[in-house]
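*Asks:* Letter by letter, the chains look like this.
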Amino acid sequence: MNLLAQATGSGRTLTFTLFLLMVAATLVITVWARRHTRDATDFHSGGRGFKPWQNGFAIASDYMSAASFLGIAGTIALFGYDGFLYSIGFLVAWLVALLLVAELLRNSGRFTMADVLSFRMRQRPVRTAAAISTMSVSIFYLLAQMVGAGALIALLLGIKEGQTFLGMNADVAANVGIVLVGLLMIVYVALGGMKGTTWVQIVQACVLLGGAALLAIMVLVEYNFNLSNLLGSAADASGAGSAFLEPGLRYGTEVPGDAIATMWSKLDLLSLGLALVLGTAGLPHILIRFYTVPDSKAARKSVNWGIGLIGTFYLLTLVLGFGAAAMVGAEAITAQNPAGNTAAPQLAEVAGEGLGGSATGSIMLAIIASAAFAAILSTVAGLVIASSSSLAHDLYNSVIRRGTATDREEVIFAKVAAIGVGAIAIVLALFAQSLNVAFLVALAFAVAASANLPTLLLSLFWKRFNTAGAVAGIYGGLIAAIGLVIFSPVVSSTPNSLLGEGVDIAWFPMSNPGLVSIPLGLICAVVGTLMSSESQPQRFATLQVRALTGAGSERAVEH
Amino acid sequence: MATTPTRDGPPPDVAEHEIAALHDDPRFVDLKRRLFRFIVPATIAFLAWFLLYVVLSGYARDFMGTVLFGNINIALVFGLLQFISTFGIAWAYSRYAAREVDPYAQELHDEIHYGENAQ
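Sequence order for the protein chains is A and B. Following the UniProt record's numbering, the numbering of the first sequence begins with 1 at its first residue and continues without gaps. Following the UniProt record's numbering, the numbering of the second sequence begins with 1 at its first residue and continues without gaps.
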């Protein structure tokens, strides 16, 4: 039952082989895409020629990260129902993207989120703010994924304390994992651009969904497809009984005898829910995906594909999480990884063994390990292309060169930016390894919900909105979200904090800033607008007609 | 603009003022109304339903823990209903947009790019 003891010899070789196969396939795609990437539209938006189903798979791949695969399965395995609650926020959020953002963004923008934000504003201040916000969200998200990848490599290769594999001990293997993931994402983006990244993501979505579906079916077979029995076994094994199937073990926990702590804890749950549901439609790497299809109808269809795939995936993680609780058990999971991140791979091994002996166990472990790497690689690649596009298109071309850079210059800068962002992410991840950075995903969502979404919606729907409002809204939301987290228990005052127990600057009682920072971002945007008299009714009219009818929108390129 | 635009290939370019001119056209106002008639109530509804679910998860745990049958409780059923309502709203919106929005948007798009008499 112990992953470390089992994942040796042939199992390790198999994991390695499958992983190398997937990497080889994605590199072939990248080399192919490089030959078909000629101009800026190819690099930033993949030529806008993707079919809705293709973009839907890529959207799902961007979104299904280590946090949503290993993280949610692990949270369900250890805390039961609350992990499910998290995934529901992640899913419902897509309705904001579908109803309010995807089509209008596709029609009015070109390459980046800032295209829409700056449409009727002064270019330089708005694009600078949008680029800073894009970079913040992307770097937070990247760090969480890459630190996770490092820990995972050591665990999946089954390297114990004091053991070595190919001459590496666990710490070296984690470093190698981070560097490897970093180099791969740089290669995918710098060589393949959006075309290569999208196809790589499509392949990786299939690996991830296929692996998760196979494992979920194996769990369900074990319980004769009776969900109630599965839940019952999970609740019994957890030791928490029926509370395991109810909300409250992880989020919004009751603090006995302390009404105020309980109140904050429950408001923290609301705050998390708000950031999850409003954050998705403000994530830059999700937004730029809507530009890869020919028109707004295709953008709508691709979101529908995404919703279907992501929803199915979260239903699978529900089975995997409760399956791990029932079949692996909390004790074995926390022994491997206190946060529960290895619950899914451990379940794969146990379920495989149950069906066909230890060889099947090793095969299933190898499949799920590859699926986990697919989840990480596809998400980090999406984040790198979002940041390099924003740096090249917004900061370099529009702000520094005032729009005079040629297509070729912009693409070269974007490639250099991809290498730069990747290198920075690798170095930061190597330093952040020993820290508890799981909160960074929630922080990325909070920044997206506080800084990006309000300004995006006001740009599209509020006539009076102007440069001062957009700039105030972005910086206000960004500073509020990051600032409140710095002064929260996430950073100091508890044993699990980033800085540990010794430092205490935590005057803000909630780990999730959304409940305060989202309204604050909105207020900044409104007040900023009203304090400036700038108004461009003609540009607003153009933006709205363009957004709703697609007139004048960017077309697919034909080569 | 090209003198005799054709429908093959990308549509001809248009000047910004030609696009902006449509903003006060009654047909554009109608298009906006058609879109908002769905997205505004739908957004309010799913956000309210999701927040209700989160609030119940935080403050009405006895209710959420009510067992319906076997090991299935209200919390699980409400969670699964969030999935179903998300799929349902996405489906309903796509149907609505295809019937009530897209044809009108296309008509205005074509008029801007190909001129009044283009059919």
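One should not assume that every hint holds.
Simulated crosslink set (DSBU-like; lysine-lysine; CA at most 35 Å straight-line) [said to hold, decoys possible]:
#: 1; chain 1: A; residue 1: Lys415; chain 2: A; residue 2: Lys297
#: 2; chain 1: A; residue 1: Lys301; chain 2: B; residue 2: Lys32
#: 3; chain 1: B; residue 1: Lys32; chain 2: A; residue 2: Lys51
#: 4; chain 1: A; residue 1: Lys463; chain 2: B; residue 2: Lys32
#: 5; chain 1: B; residue 1: Lys32; chain 2: A; residue 2: Lys297
Think of the hints as simulated: they come from the structure by calculation, not from any bench. Just so you know, these numbers come straight off a predicted model, no measurement behind them.
*Asks:* Now look at each hint and say whether the structure bears it out.
*Replies:* Outcome of the hint check:
Distance restraint check for Lys415/A and Lys297/A: the Cα-Cα separation of roughly 30 Å lies within the 35 Å cut-off, and the hinted pair is therefore satisfied. For the hint linking Lys301/A to Lys32/B, the alpha-carbon distance of about 20 Å falls within 35 Å, and the restraint holds. The suggested pairing of Lys32/B with Lys51/A holds, with an alpha-carbon distance near 27 Å, which does not exceed 35 Å. Taking the CA atoms of Lys463/A and Lys32/B, the gap is near 14 Å; set against the 35 Å cutoff, the hint holds.
For a cut-off of 35 Å, the pair hint linking Lys32/B to Lys297/A stands: about 16 Å separates their Cα positions.
In this structure, none of the earlier numbered hints is contradicted; all agree with it.
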